[in-house]
Structure formats: structure tokens, C-alpha cells
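Q: So the sequences go chain by chain: G and H.
Add 4 to a position in the first sequence, counting from 1, and you land on the number used in this note's numbering.
Number 123 in this note's numbering belongs to position 127 of the second sequence; there are no gaps in the numbering.
One or more hints might be untrue.
Unchecked claim - Below, in silico cross-link-like pairs of lysine to any residue (SDA-like), each with a Cα-Cα straight-line distance of 25 Å or less:
id, chain 1, residue 1, chain 2, residue 2
1, G, Lys484, G, Glu541
2, H, Lys36, G, Ser345
3, G, Lys340, H, Thr35
4, G, Lys306, H, Pro40
5, H, Lys271, H, Asn194
6, G, Lys7, H, Ser118
7, H, Lys36, H, Glu72
8, G, Lys524, G, Glu215
9, G, Lys340, H, Asn194
10, H, Lys271, H, Ile175
11, H, Lys36, G, Phe337
12, H, Lys23, G, Glu312
13, H, Lys23, G, Arg33
14, G, Lys568, G, Asp596
15, G, Lys306, H, Asn194
16, G, Lys361, H, Gln42
17, H, Lys164, H, Leu140
18, G, Lys361, H, Pro40
19, G, Lys550, G, Arg521
No lab work stands behind these hints, which were simulated from the structure alone.
Chain residues, written in single-letter form:
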Amino acid sequence: MRKLALSDEILLSVEKPARYIGGEINMQRKDPKAVDIRFCMCFPDVYEIGMSHLGIQILYDILNRREDTYCERVYSPWVDLDKLMREQNIPLFALESQDPVKDFDFLGITLQYEMCYTNILQILELSGIPIYSKDRTDEDPIVIGGGPCSYNPEPIADFFDFFYIGEGETAYNDILDLYKECKKSGKSRREFLELVAGIEGMYVPALYDVEYNDDNTIKSIAKNNDLAPDKVKKQAEMNLSEAFYPTNPIVPYLQVTQDRVVLEIQRGCIRGCRFCQAGMIYRPTRERDIDYLKKCAYEMLKSTGHEEISLSSLSSSDYSNLEELVYFLIDEFGSKGINISLPSLRIDAFSLDVMSKVQDVRKSSLTFAPEAGSQRLRDVINKGLSEEEILSGATAAFNSGWNRVKLYFMMGLPTETEEDIEGIAILTDKIAREYYDIPKEQRQGKVSVVASTSFFVPKPFTPFQWCRMDTPKEYLEKQKYLRSKINEQLNRKSIKYNWHEAELSELEGVLARGDRRLSKVIYDAYKSGCLYDSWGEHFNYEKWLKAFEDNHISMEFYNSRERKEDEIFPWDFIDVGVSKAFLLREYKRAKDVKVTPNCRELCYNCGAKSFGGGVCFLAEGGN
Amino acid sequence: MKVRIKFKKFGEMKFIGHLDVMRYFQKAFRRAEFDSEYTKGYNPHQVMSFASPLGLGLTSDGEYMDIGLISGQSPEIMVKRINEVMADGFQVIGYHILKEPGENEKNVTAMSLVSSSDYLISLKDSYSLGAKISSREDFCETFLEFINSPEIMINKKTKKSEKLVDIKPMVTLVAFDEIEYKDKLKSALSDVTHRIDNNQSYFADTESVADIYDNDIKVYLQLDTGSVSNLKPELVMEAFSSYINIDYNPHAWQVHRLEMYTRDDKTKKLISLDKLEK
Chain G
5 MRKLALSDEI
15 LLSVEKPARY
25 IGGEINMQRK
35 DPKAVDIRFC
45 MCFPDVYEIG
55 MSHLGIQILY
65 DILNRREDTY
75 CERVYSPWVD
85 LDKLMREQNI
95 PLFALESQDP
105 VKDFDFLGIT
115 LQYEMCYTNI
125 LQILELSGIP
135 IYSKDRTDED
145 PIVIGGGPCS
155 YNPEPIADFF
165 DFFYIGEGET
175 AYNDILDLYK
185 ECKKSGKSRR
195 EFLELVAGIE
205 GMYVPALYDV
215 EYNDDNTIKS
225 IAKNNDLAPD
235 KVKKQAEMNL
245 SEAFYPTNPI
255 VPYLQVTQDR
265 VVLEIQRGCI
275 RGCRFCQAGM
285 IYRPTRERDI
295 DYLKKCAYEM
305 LKSTGHEEIS
315 LSSLSSSDYS
325 NLEELVYFLI
335 DEFGSKGINI
345 SLPSLRIDAF
355 SLDVMSKVQD
365 VRKSSLTFAP
375 EAGSQRLRDV
385 INKGLSEEEI
395 LSGATAAFNS
405 GWNRVKLYFM
415 MGLPTETEED
425 IEGIAILTDK
435 IAREYYDIPK
445 EQRQGKVSVV
455 ASTSFFVPKP
465 FTPFQWCRMD
475 TPKEYLEKQK
485 YLRSKINEQL
495 NRKSIKYNWH
505 EAELSELEGV
515 LARGDRRLSK
525 VIYDAYKSGC
535 LYDSWGEHFN
545 YEKWLKAFED
555 NHISMEFYNS
565 RERKEDEIFP
575 WDFIDVGVSK
585 AFLLREYKRA
595 KDVKVTPNCR
605 ELCYNCGAKS
615 FGGGVCFLAE
625 GGN
Chain H
-3 MKVRIKFKKF
7 GEMKFIGHLD
17 VMRYFQKAFR
27 RAEFDSEYTK
37 GYNPHQVMSF
47 ASPLGLGLTS
57 DGEYMDIGLI
67 SGQSPEIMVK
77 RINEVMADGF
87 QVIGYHILKE
97 PGENEKNVTA
107 MSLVSSSDYL
117 ISLKDSYSLG
127 AKISSREDFC
137 ETFLEFINSP
147 EIMINKKTKK
157 SEKLVDIKPM
167 VTLVAFDEIE
177 YKDKLKSALS
187 DVTHRIDNNQ
197 SYFADTESVA
207 DIYDNDIKVY
217 LQLDTGSVSN
227 LKPELVMEAF
237 SSYINIDYNP
247 HAWQVHRLEM
257 YTRDDKTKKL
267 ISLDKLEK
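Chain H on its own, in the form it takes in the complex (with noise of 0.2 Å):
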């Protein structure tokens, strides 16, 4: 069977890469004794992918892998066993098995499925943005005047080239605040309500990881993810800095991602990748 499994990383292992996140789970799922699918050859490997890669220096409510099981207890037990040998800083706080694919159907992976990221970028403290910015309401008058231009320009680069990309089409929502983001985001969603079966899914209601600092510049950005459309914030923020004439400092902003999305292809309407059954 297939597992979703949604987690949180926070605090120091933000510092961890996500090559080496991978290896911690699969380490974590043998500590924890889960009875995982194996690749087959000469090196197996558990079956695991993740939906999207986090970037070093990002924190995370709602980080998401899939994974392979051969069996399980319930989804809550299944939980407590894992974040029983969690270090701090990671924590697992949804675990939902997914329905098995009907006939000449493949399973649906989270990294094809994901199409958008909301993320919190706050401005750490001791970093300035210049003369022209000095507190939260310059910020949120000035960022709307920026994220307002008819186009916003990058120089974007690939592997192999530079492009110039009007970004303004992969942000899809901005907010200051959380009750505005909130709001918001309850337009962008789709209505659908997923029903809980015990036997099938476990999320933990838990607050958010996201770091706080006093100067309270902020925003919330919903931004394209995946493989159709992908836009990282830090991209915005260089954006940004560019527009007040500021030089970029990515040590400036702490990211934090949200939550992930899936865009329903009847409605448009965004569905969170722990809401979905397959």
C-alpha cells in the first residue's frame, strides 16, 4: 500500500539538505520498525518520494512523501510510532493511505500531483530594507505596488540558458497577515470535505512551526510548484529587493512553506495535497 505522509521541519534542521532529509526518514522508518516496500536488485532501497524538494534554510508545515508498505497499524499508531524516533525538529503529523489504483491505472505520485505552495516570508530581525521601509505598513504599501505591476520581469536560470519570465502569473496570492491570508486562501480552495476514516488517515491538528520576529514584516505568498510551473520565493524576494533598489540578501528572509496543492482540473480549484484519496 501507498501512504501519504505529511510532516513539519522547523527550527536547526532547516540546516539539513534535502538529499540527507531523505535518508534521515528512511533511517527513521527502520528505527520506527515500519514494515516498508523495498526496491528490488542487488541495493534496494524503501519506496519513497517526496512532493517537492525544500530548500536549505526553509522551514515547513506541510512537507509530503509517499511511501511503500507491505502492512501497518492504524494510521494514529502509525504516527506515534514514528515520532517517537523523530530528532527535534521533524515531526509527522498526517498519515493518510491512499486508494489503491483501479486497473490500468499507476499510482499518482505527490510530486506529480503538487501545482502549488503557500509560504510565509518574514523578514528576520537585524536585517533592514533600506531607508525608504522602516516598518510593517511601508512594507505591505510597498510590496502591494510591487506585486501590482502590470509585469514583474526576472532574469531566470536554467541549467543550460537565461530567460527573461514574467513571474507575476505564478503568484497567485498575496496576504499580510494571517486572517487576510486565511480569507483568502477559503476563495482559492475547493469546497470539497474529505471524509476521515480512521482506519484510512490520521492528521494531527498541531499549530504552526513557522518562526516569529518582532519587526513583524511579512507576507504570504501562494506560488506555482512542480513540474508545469515552479517559482521559489526566494526568486520573489530578489524581485522585490531589485524594485526598492536594495541589494538582495537571501540571509534576510526566513521562508517558510505552508502547505501544498493540487489544482482540480474541473473546478481550477485548489485541493491540500493531505485532502486528497489517491
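Next up, chain G with everything else stripped away, as it sits in the complex (with noise of 0.2 Å):
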């Protein structure tokens, strides 16, 4: 039996132990000794979050199936335990052999959220790993980055060895085969370095500088290292049908987020909203074979004993076969007791149709994202919805039965005006309206409507990364102005308002835009106590503006200016396929209130196409 790295009476006095032990099922079970590679995955929030990661989940699958290589995972104490191993001096472990992770060859750390940035110097210090790259040695893991935010990693870069940029499929074996390669012949942690910067996708900060235009903005970024490239460009796996996806994922004992099994079914997606960021990194569009999935599910559902499955993808509706996938899941599997969970459909007669027979209509809500209150400002985020599928969506979901709705929008788009924020209030209310327009005896008590508003934060790689952001001031004005305009609503007993806080969007933008010089702004406010920042009762906003005042840098800079068309931006050396004469080209389109069709209707020449495949290549309308 493995020895475990905490003490009994440590584990007994900690929230939820079994954070800490491992042993799960499937859990992978080598001999560290027996391996040439030790590698230790993080995911750095809280182990019921991390564990909810399907991305982790594929590089464990990926990287365990070589035989010379044992992958482990860690994931950020919680703040209890954090406090005890500072005190006790007790080093940072790996959940599966229990060995400090300082022992291991690499460090990769996936980045799903920048409010996780402060989680990722937790680790590091815990682990006993030198916080700056710069000052770690031969001794230290390589500590690697990926997933969404390294498509800007500037913020972190200080921190970071190098950044794989892409999806995880590609590239692996060919890093370790290097290392392996570069430790055999005694090359030093530098020499790796550089020569992982020819591996394509490879980001390795050290080899590029930075300098800086009087007015802050970036005049250049140019390599300092021949064997770097000058881009660095975005892997994607063109082939989603084989291999490579992890049909024993691990059992967590603690109810995670995600407690189920997780069927990815595509990759990427065609609408191209255009302050969605995820659709624009992740295209092309690319579908699992719906054979694959069925085969998938079957041995996912035997290996794991969960007893519910959910299918993931950023838009499932425009999966080719949705229909086949769903009707077999649930005449495969209902029967025998398996919840089958949808993620956010349209809502048209198919998806109700499913909804029913899934879930318990009287217990269930049905949810819309229109994003925005008016049709103007739908068209300006080219969000394919109109205000008659969600009334009539509504009408059919009411009619079967259904008298809950949720609501997503988004304040502080750009071109927003009054009236755009009052049509939340108004579309809000239609939708009631649509519910009491049923005659009284088929209607099933009263409507309860929820609308929520989150504030937009404009990402990089979007059509709005040059787009000014809302000041809190701004969104908490904005947000007034709404509560109001719901209490002006004839339904406004059958609807309730829900917002997200501002300052926490605030910081959320700096950091998503952010470049090198907030890394000194990050540790300041890690070194005083900032931590779990994404959870509400963690996050500190004085701490923050602190450091952001001793570094003598304003947030301003970063959220509270529209950008030039031609500014060098901090993550322009990055090609994720889709080019930036396109971005700007959608950019003016929304300001011109211009819809862009999706990928399947027409192609628009968004660059993603370089990469051979997926939907650039099945489209009708493709030139």
C-alpha cells in the first residue's frame, strides 16, 4: 500500500481529505523508478474543480501510455491545508505516488481561467520550486503551460518555462521524446529550452524580448534566440476519431463537479460570436465520428460505474448526427438507470422532445443565452438568435409543460446604448407575457423567469480585443439602470435579476489582455496573501489595486481605451489560424451591425483553414 504524504492527524483535521489521498479508480499505477519521465499535471484550483477537467484527463490518458513516462496530477491545496503545510513545511505532492512534486521532470499547469493566476504561484512556492523561471536549475521540473489563457500568456510569462499553445494531442511525444534525448546526453535545462522552441507550437519566453512604446503599448517583440521561431503557431488535432480519447477516466470519491461521464463530441465551433473567444481559437470546427462515440460511451459508462452522461461541445445543436447520438443514448442507457445530461441545446421541437423525456419537466428549467437585450446588439455580437425563435422556443417549451426559464446576458458590450439594456427588461418580460398568454386551465402555476447579467470582458483573438471595457463604475450604473427597467415590467413578480460582480470582470480583463509587466503585479498580490481569487470569498480587491499601485500600473491602460487598428498587441506572436486582418474585418462588421454567416453556410476567409480539415472543408458555401 502507497504511503500517503500527509499524516493521519493532518488529513482528519483538513475539509474533505480525500482532496489529498488519490487511490481512485483508474487511477494510473507505475513504478516512479521503473519510468524515464516524471510528469506532474496541475490543474490549479480546488480538487473537485480540477478533477471536473476533461482536458487533463485526455494528457493523463496520452502521456500514461508510455511505458517510460508516469504522469501524476496536483491540484492547489485547499486554504486549510495551505496554512498546515506552511507551517509544518511540508512540500507540495503528487496525488499518485505522493512524491513532492519537485522531484518530477515536468510541471504542466493548465490555465482555464486568468483568475487562477495567483493559484499557480501556490503551487510553485509549495512545491519548493523557484517562483521565476529564471532562477530555477537543473534541479527544478520544466513547468510547462497550456489551455485557453496561454493563447495570451504574457501576464505569466515570468513564471512560466515555456507554454505549449494548442491542443495537447499533437505535440507531447515529441517534447518528451526531446527531453529524454537532451537528459541522456547531459544537456542543461537552457539547451532543452531552446530546443524545445523548434517543436512547433512551443512558446519559450525567455528567447523573445519586449520593448515598449512611451505610451506603454508594445513597439516590438522580436526573438533573442535563432532556434526560436518569430511565430509561434497553434497546434490543433485534425483527426478526433482515434485513439486519444480516455475511455477509463479517473472516479473521484469526492462529488465533483463534473460526476459523470464526459463525451466530447466536437471540437471548435461555426457561429463565430464575436466576443467568444473559444470560438475563434478553437476552429476549425471539427466532429467526433458519431461510431466513435457510441463505442466511447459504452466503455467510459463500464469502466467508470457513473451513472449519468453528458455530452461537451461549444455549441452541441450543430453537431452533424445530434439527433442519432441523443436517441441512442437514452434507448441505450436510460433503461438502466443512466441520467442522460444535455448541455445547452436550442430550444426548438427536437430538444424538447429529448428534454422530456430526460428530466422532470416540473423540476427542470429551460435556459436561453441571448446575450443581449435588443436584436441590434444581437447582430453587433453576431449572435445568431432572433427575438422570434426565443419567443417561439419559449411558447413550445411552455405548451409541454415547462414554467421556468434562465436567461444569460452580457452588459458592457460595445456599441451598448440605454435601450439596449432595457431590452433585457423587455425581452425579459415578453417571455412571461408568452407564458399567461396560455389559457389559465393548461397553464402549470406561475412563470418564473431568472435573468442573469455577467459583464463582457473582451478576450484576445476576438473581434473585440480592441474594444474599450466598462469601468465598474460603469456596470454597476448599467446594472441599476436594468433593476429598474425590470421593476417597470407588468411581470416583474415573475422575474428575478441576477449579476455577477464588477471588480472581479475588472481584473479578469487586465489579466486577459495584460503583458509582461503584470507579472511583478501577480506575485505582489500572491506575496500578500491573494488566493482562490475566483472564489468570491476569497478575492481580495484592495489587495489588488495595492499591488497594482505599487508597480505603478494603472488598470486603465489595459481595460479603459479602445486600441489602435494597427497596436502591437501582447499576444500577436501567437497564430491560432484564424488571422487578425479577419478579426478587424469582423470588428468593423459589428460596428457596422453586420451579421456574419456561420462556417457551414459560407466561409469568410478566417485563416483557420491552413489547418487541412475539420468544417473549412465540408462547407457548401467554402470558396
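Got two chains here, separate frames each, mind docking them using the hints?
A: Pasting the structure below:
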């Protein structure tokens, strides 16, 4: 039996000790002494969040297929254990072998949201790995970053040895082969990093210099080493239907956020909503073969014993064989007590039929994401959803027995006016009216409409990357305005309004489009006690403000200005396929309130065609 | 049909709480492809009930749950199937198909039956019991004095209130080594002998999974368990700590459950839950 890194006394005095013991069903067991490479994969948040992430499960599977490699896992210790580890000098350890992370060859950290940045520093510090890449020696693990936030890695560039830009399926084997070779021939850490820069998709920050203009914008980004490429090309796996899907994912003891089998049916999205980063960086859209998915569903349910299966993708309704797949799952597993959980689907006859089969209509609610309150603004953001579609969807749902609706909106979208904000209140009310148009005897009690607003945060590699973002003050005023408008509606008593914190969004905006100078701010914020910033109760805005002040860096520079068309962005050295010219064209079309058709209707030459596959080569209108 | 499952919980699995153990077994039965009975409705779940939740940090040789199955193979094969999908730290050692209730009779759940549990409570190495107790002999002597007090009053906290309770009547057996324990147990047990029918039951003869500590300071206790009268072993050790004037350290003791029993109405003797027909 394995020896645990933490004593009984510690494990029994912290919340949920199962976070730290590993030993789950389907955990990989290998002899660490019998492998050449030890890789520790990290999700810098608490276990229940990190274990719910599909990407790590895929990488865990790929890396452990190699006999010469043992891939293990580590998550952020919760604040209770964090304190004890610091007091008692206990080094952070991996769940599988319970060995210190510092003894590993690699520490791979997935970057899923900006607000986890201080947790990265916690992981490094508790592991005893120098926080700054420049301070590490040949004795320290190579620290890799990957995931959506690595599409602008600059704010955390100083903490990483290199970033893997793109999908993990393509290049990890090359990286590990290279590492083994370097280790054998006695090459130094620096030599390895120079060679890694030669693998497509790898970004080694130390091999690039950034110069700034007097106004703090970027003057140039240039490599300082011949082995590094000028542009780092995003990696995309073009064959999603062979191998590489983990059919025996780890089954946690704790109830994690995704306590179910997750079946990724496709990658990318044909829609092209202009605020959505995922919709751009994961282009081109690639579907997994339906027979392959059916096989995976069987194997995964068998190997995990989960009682629920869920489909994952950015827009499931666009998957070509969705009906066949969903009815297959219902017929095959529904009778065996397996819940089928459906991600947000477009509300139509098919989805209502499916939902009435898999969930209790009285208890569930319908979700729409109009994102904006007026048709004009929905056209600006290229959200292909008309008011008519929303209202007819709601009516169809009400007629089928539903009486609860959730609506998601964003506030602070480019070109937004008071009318657009009022539109949120009006649309919400119209939905309630649709309900009361149904004859009384056919209604199921009262209707409940929940409208939620989040604040729009401009992201790199979207048509809105040039946009000014509202200040928290402006947001709060808009929120108040919407509140007052909702109160004017006829059905105000049926409407519930939820909103997000403005300060958190402000910081997210800065970190999303920030540059290298922010590394020091993040470092200072962490050192002053910031941790688990994405957990509302732990977010400390004052400490962040002080860190910005101490470094003489203003958040306004990053958030509160419209960028010039020719401004060099910190992330411009990355080639995601989608071109900057296309994004700018889209931004202009947005300002002209012009809708762009989706990838299946017409190709607008975004650039993702260069990957040589996916929807680009199937679309009828493609040219 | 209803089946009573007996299992052990040990090693690092002592850090898995009761609710997670339930979820663990639901998934395990699926992996083993048991033909489970489900509750009706939109959120069906497996028919499953535990005799008595085991606290976090405790290990056990004798945990019980009753499950509903629609069909199954022979008990021995079913035990083999489930053990093939177990994690280290869980082992199923018993499988008994319960007698179908007669007309106008309900199934009797393990939870409603249980009235007593045996525990082995050991001092973990590197913990001390103060200056006065430095050896196993000291401990046995002092613990006997303590348990032989005319009454043992403790402050029992419930969700609503706190009240003084005499726990002495809830302690029905005390022993300091295995021989003494087995000896005393014999006279407490009912002498009904269980007819083993391979088509109905399978029980594996296995060694105890209780952790053993070098200091050898340990005590076997039989305590009331269940809805009528319930005493947690931790409360006894807390009372003992205050008896010897030391601060109670919950981490100092490893509590291990050995077995669970029901009390026969007529003879007032104990019958372990795996020796019952219903």
C-alpha cells in the first residue's frame, strides 16, 4: 500500500481529506523508479474543480500510454491545508505516488481562467520550485503552461519555462522524446528549452524580448535566439476520431463538479459570436465520428460506473448527428438508470422532445443565452438568435409543461446603449407574457424567469480585442438602470435578476489582455495574500489594487481605452489560424451591425482553413 | 430480492466519508454490472441502505448494507465480481440473500436491526497518555478503574441541546486482548448456528484489517449502536481522557469496528448481522 504524504492528524483536521489521498478508481499505478520521465499535471484550483476538467484527463491518458513516462496529478491545496503545509514545511506532492512535485521532470499547469493565476504561484511555492523561471536550476522541474489562457501567456510569462499553445494531442510525444534525448546527452535546462522552441506550437518566453513605446503600448516583440520561431503556431488535432480519448477516466470519491461521463462530441464552433474566444481559437470545427462516440460511451460507463453521461461541445445543436446520438444514448442507457444530461441546446421540437424524456419537466428549467437584450446588439455580437426564435422556443416549452426559464445576458458589450439594456428587461417580460397567453387551465402555476447578467470582458483573438471595457462604476450604473427597468415591467413579480461582481470582471479584463509587466503585479498580489481569486469569498480587491499601485501600473491602460487598429498586442506572436485581418474585418462589421454567416453557410476566410481539415472542407459555401 | 453485503474498509479509505462511500458503492455495482433495483421516478437511484454510517477516520472489519437486486449469480461469484472492481481499502466479504418477507411483512433493514457494535480502539504510536500511563499494564489498570466507576457522566451534544448522560450502561463489553475479547464475546452471543446454504450466502473467512501499533495500548469495547441507544467510541475515549486528566486528542486513537449485532428479543443475546435470515 502507498504511504500518504500527509499524516492522519493533518488529513483528519482538514476539510475533505479525500482531496489529497489519490487512490481513485482508474488512477494510473506505475513504479516511479521504472520510468524515465515523471510528469505532474496540475489544475491550479481545488480538487473538485480540477478533477472535472476533461483536458487533463485526455493528457493524463496520452502521457501514461508511454511506458517511459508516469503522469501524475496535483491540485491546489485548499486554504486550510495551505496553512498547515506552510507552518510545517510540508512540500506539495502528487496524488499518485505522494512524492514531492519538486522531484518531477515536468510540472504542466493548465490555464483555464485568468483568476487562477495566484494559485499557480501557490503551487510553485508550496512545491519548493522558484516562482520565477529565471531562478530555476537543472534540479527543478520544467514548468509548462497550456490551455485557453496560454493564448495570451504574457502576464504570467515570467513564471513559466515554456507554453504549449494549442491542443495537447499533437506534440507531447515529441517534447518528451526530446527531453529524454537531452537528459541522456547531459544537456542543460537552457539547452533543452532552446530545442523545445523548435517544436511547432512551443513558446519559450525567455527567448523573446518585448520593447515598449512611451505610451506603454508595445513597440516590438522579437526573438533573441535563432532557435526560436518568429511566430508560434497553434496546435490542432485534426483527427479526433482515433485513439486519444480516455475511456477509463479517473472516478473521484468526492462529489466533483462533473460527476459523470463527459463525451466531447466536437471541437470548435461554427457560429462566430464576436465576443467568444473559444469560438475563434478552437477553429476549425471538427466533429468526432458518431460510431466512435457510441463506442466511447459504452466503454466509459462500464469502466467508471458513473450514473450520468453528458455531451460536451461549444454548441451541441450544430453537431451533425446529434439526434441519432442522443436517441441512441436514451434508448441504450436510459432504461439502465443512467441520466442523460444535455448541454445547452437550441430550443426546438427536437430538444423539447429529448428533454421531456430525460428530465422531470416540473423540476427543470429551460436556458436561453440571448446575450444581448435588443436585436441590434445581438447582430453586433453576431449571436444568431432572433427574438422570434426565443419567444417561439419559450412558447413551445410552456406548452410542453415547463414554467421556469433562465436567461443569460452580457452587459457592457460594444456599442451598447440604454435602449439595449432596457431591451433585456423587455425581452424578459415578453417571455413571461408568452406564458400568460396560454389559457389559465393549461398553465402549471406561475412562471419564473431568471435573468442573469455578466460583464463583458474583451478577450484576445476575438473581433472585440480592440474594445474599451466598461469600468466597474459604469457597470454598476448599468446594473442599477436595468434593475429599475425590470421593476417597470408588467410581470416584474415573475422576474428574478442576478448579476456578477464588477471588480472581478475588471481584473479578469486586465489579466486577459495584459502584457509581461503584469507578472510582478501578480507576484505582489500573491505575496500579499491573494489566492483563490475566482472564489468570491476569497477575492480581495483592495490587495490587488495595492499591487497595481505599488508597481505604478494602471488598470485603465489595459481596460479603459479603445486600441488602435495597428497596435501590436502582447499575443500577436501567436498564430491561431484565424488572422488578425479577419478579426478586424469582423470588428468593423460589428460596428456596422452586419451579421456574418456561420462556417457551414459561407466561408469568410478567417484563416483556420490552413489547418487543412474540419468544417472548412465540408461547408457547401466554402471557397 | 434483497441482499445483505458485508465489507471491510481499511487503509487510506478511512478518509472517505460515509456519503462518498455510498456513491462509491453505487458506481462499483455498476462497474460489476449488478442487476440493481432502482427507485422509480425521474431520478432513479439504486436501492441501498447502510446499517450504520462509519465516521471519518475509522476502519472496519464489519460494515453492512442491504441492496436490491433483480437477478444475480451465485453468492460466491457475485462477491468475486464486485471485488474485481474494488479500490484498495474496500473488500466485500459477505453476500447473503435475505429471506423474502411474508405477506403483510415488510423488509427489515440492516439499519433498523443493529443494536450493538464491537470496536477495537488502539493508541497510535507517537501519542502519549500523560506521565501516569507509560505501559500497556498501566493503561489496562486505569481503564478498568474508569469503566468500573459507578457511573460515567458525559455531556452529550445533540443538534438541539446538550445533556448529561450516563454512558456506563451503554458499554456492554470491555477487554484488553483478543483472547479475552473472544472469550467474553462468546457468552454475549446467541448460540443460533447459521445454516450455510451456498445458494443463499457466501462468507469469506478473512483476517482482520485493523492497524497494529507497537505500543500495544488498546481496548476492545462493545457499545450500543442504533436508533434506540447509540454511543460513539470517541465519546468513551473523551470521557477516559478527562478521567485521567489529559486533554482529549481525537487523533491519538485509531478506532476500528469489528462487527455489528442485533439483540434477540427473547434471549437478549446478540446475533451478528451476517447470521440473520432476514
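Q: Does each hint hold? Answer for all of them.
A: Structure-based check of all given hints:
1. G:Lys484 - G:Glu541: Cα-Cα ~23 Å, so holds.
2. H:Lys36 - G:Ser345: Holds. H:Lys36 to G:Ser345 sits at ~18 Å (cutoff 25 Å).
3. G:Lys340 - H:Thr35: holds, 12 Å
4. G:Lys306 - H:Pro40: holds, 18 Å
5. H:Lys271 - H:Asn194: holds, 14 Å
6. G:Lys7 - H:Ser118: holds, 20 Å
7. H:Lys36 - H:Glu72: violated, 29 Å
8. G:Lys524 - G:Glu215: holds, 17 Å
9. G:Lys340 - H:Asn194: violated, 29 Å
10. H:Lys271 - H:Ile175: The given pair, whose Cα atoms are some 22 Å apart, holds under the 25 Å limit.
11. H:Lys36 - G:Phe337: Distance ~16 Å between H:Lys36 and G:Phe337 Cα, so the pair holds.
12. H:Lys23 - G:Glu312: holds, 11 Å
13. H:Lys23 - G:Arg33: It holds: about 20 Å lies between the C-alpha atoms, which stays within 25 Å.
14. G:Lys568 - G:Asp596: This hinted pair holds, its Cα atoms lying about 18 Å apart.
15. G:Lys306 - H:Asn194: This hinted pair is violated, its Cα atoms lying about 29 Å apart.
16. G:Lys361 - H:Gln42: Holds, because 20 Å separates the two Cα atoms, which is no more than 25 Å.
17. H:Lys164 - H:Leu140: holds, 12 Å
18. G:Lys361 - H:Pro40: holds, 14 Å
19. G:Lys550 - G:Arg521: holds, 15 Å
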